[in-house]
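Visitor: Take a look at the letters that make up each chain.
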Amino acid sequence: MGNEQTKYPGLPPLPPPFVKEFPPIAVVVEEKCIACDRCPPLCFFDAIIMENRPEHKYKRTAVVVPENCTGCGLCFEACPVDAFLWTPDKTAGSGPLRAAQETDKDMDV
Amino acid sequence: MSLTTRFLGLTLQSPVFVASGPASHDVNQIRLAEEQKAGAVVLKTACSDKYEHMRSWPRPRYKLLDWDKQIAGRSKSFSLYSYEQGYSGTLEDYWEFIRVCKKHATIPIIGSIFADDARDWQEMAKQVEQCGADAVELDISSPHRPGSVAFETTFVAAIKIVVKSVKIPVLVKLGPGHEVVQQCLVAEEFGASAVSLCNRMRGFDVDIESQRPILHGYYAGIGGPWAKHYTLRHVAEAAQEIKIPISGTGGVMSGEDVIKYVLLGASTVQILSVIMVNGWDSISRINAEIEEYLTRKGLNSLEQIRGKALEAMTSPEDIIRWSGEPKAGARNDWKKRGME
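Keeping their order, the protein sequence lines are chains A and B. Note that our numbering has the first sequence beginning at 1, numbered continuously upward. Note that our numbering has the second sequence beginning at 1, numbered continuously upward.
A hint or two may mislead.
[What the hints assert, rightly or not] The list that follows gives simulated cross-link-like pairs (lysine-lysine, DSS-like), each with its CA atoms no further than 30 angstroms apart:
#, chain 1, residue 1, chain 2, residue 2
1, B, K50, A, K20
2, B, K37, A, K32
3, B, K243, A, K57
4, B, K37, B, K103
5, B, K243, B, K297
6, A, K59, B, K69
7, B, K297, A, K90
8, B, K297, A, K32
Simulated from the structure, these hints should not be mistaken for laboratory data.
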């Protein structure tokens, strides 16, 4: 069921469990990357670059630039081999912002 | 033959705009849009200080539903499920952003703003004008907007005051729904220069494994190639009622889609999802597809076919109909089947 129905599950349906503590950013599992070049142009924040890796099977790999990543999730969908994972950005200073803390129920319909 | 389009007193190299959103939040993207020969760019929406929380964004922000990676952006049925929010900087940052865009861009730059208080709308629209934007779009219909603001009160007041306060053209971006033509008429009556039809719908999806709504447990904006069909309808409805120009937007993946909007009366067309899934060169590809069509049809410009399909529209009473017999009508064979 669910993700197993498709060959490429893409972005997980729920945010990673640590989302309440740290902002998620994407990270590339370099061993999985096939250096297909699909993710860098898709990223609207210039957060993915291709780097040379002479020892890598494809000689290159995609790499996330953590400081540019906004955790939007689009790269997960661009990747044909699901080489992206979430990782907590522990360098982020403050805690998460919630609309409810700032205005009263503004997000209600 | 040329794609040159006149819109709100501006001369555009193409009717294809980059819509407000993640492809218009940064100066470098304006350069990309220009290289690809977009007609104009609508900058990402800035929210008033009251909605400062909308400058922070949920993570993740997007999920592609029914997305088949093997055919990717060639798919005609995926949905881009999004929690898009406002411009991430302060208003001061946004004004500076407009100034820098204008300094470097040769294509028109349209500012986009959201507020609730009429004075905020006025102040922000004036700033957009002072920073040199060629027009301002009032984003009164985002699927992510707070629910406490309603068209009849907040937004009508916003349109009135902004139109009085600035000399640049004012576009009003409306959401899909049965009330859209009425809202177009109101926008026109109060002096809007054009309407953008339509914003994304608010939608929802559930993960059946965890039995929870996907992503952040709240409604999201949904759009995708399928969305053009309801927007095409709204453009057709509006084009028959209003005289101000329409900027069509929703589900455009190809030049064919742009031509459909124009045939139903749109002057310009805004695109975004297609850039997200198929890249920036989607703009030049769409331009080339429109040119190919114009050549094939022996046309000089899209202006020659604007609204042409509306002429062939009919009313329900005039639709040619035939009897549903024999299976469903008077000769239905229940008697023969002993079903009396």
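Visitor: For a C-alpha distance cap of 30 angstroms, please report whether B:K50 and A:K20 respect it.
Guide: Holds, at about 24 angstroms.
Visitor: Checking one constraint from the list: CA of B:K37 to CA of B:K103, max 30 angstroms. Satisfied?
Guide: holds (18 angstroms)
Visitor: Straight-line Cα separation of B:K37 and A:K32 no greater than 30 angstroms?
Guide: violated (36 angstroms)
Visitor: Sort out whether A:K90 lies within 30 angstroms of B:K297, counting only the CA atoms.
Guide: violated (58 angstroms)
Visitor: Are the Cα positions of B:K297 and A:K32 separated by 30 angstroms at most?
Guide: Between B:K297 and A:K32 the Cα gap is close to 49 angstroms, so the pair fails against 30 angstroms, i.e. violated.
Visitor: Between the alpha carbons of A:K59 and B:K69, is the straight-line distance 30 angstroms or under?
Guide: holds (24 angstroms)
Visitor: For B:K243 and B:K297, compute the direct alpha-carbon distance and say whether it is at most 30 angstroms.
Guide: Between B:K243 and B:K297 the Cα gap is close to 27 angstroms, so the pair holds against 30 angstroms.
Visitor: Can the restraint linking B:K243 and A:K57 be considered satisfied, given a maximum Cα separation of 30 angstroms?
Guide: Roughly 61 angstroms between the alpha carbons, so the hint for B:K243 and A:K57 is violated.
Violated hints, in rising order: 2, 3, 7, 8; the structure is consistent with all others.
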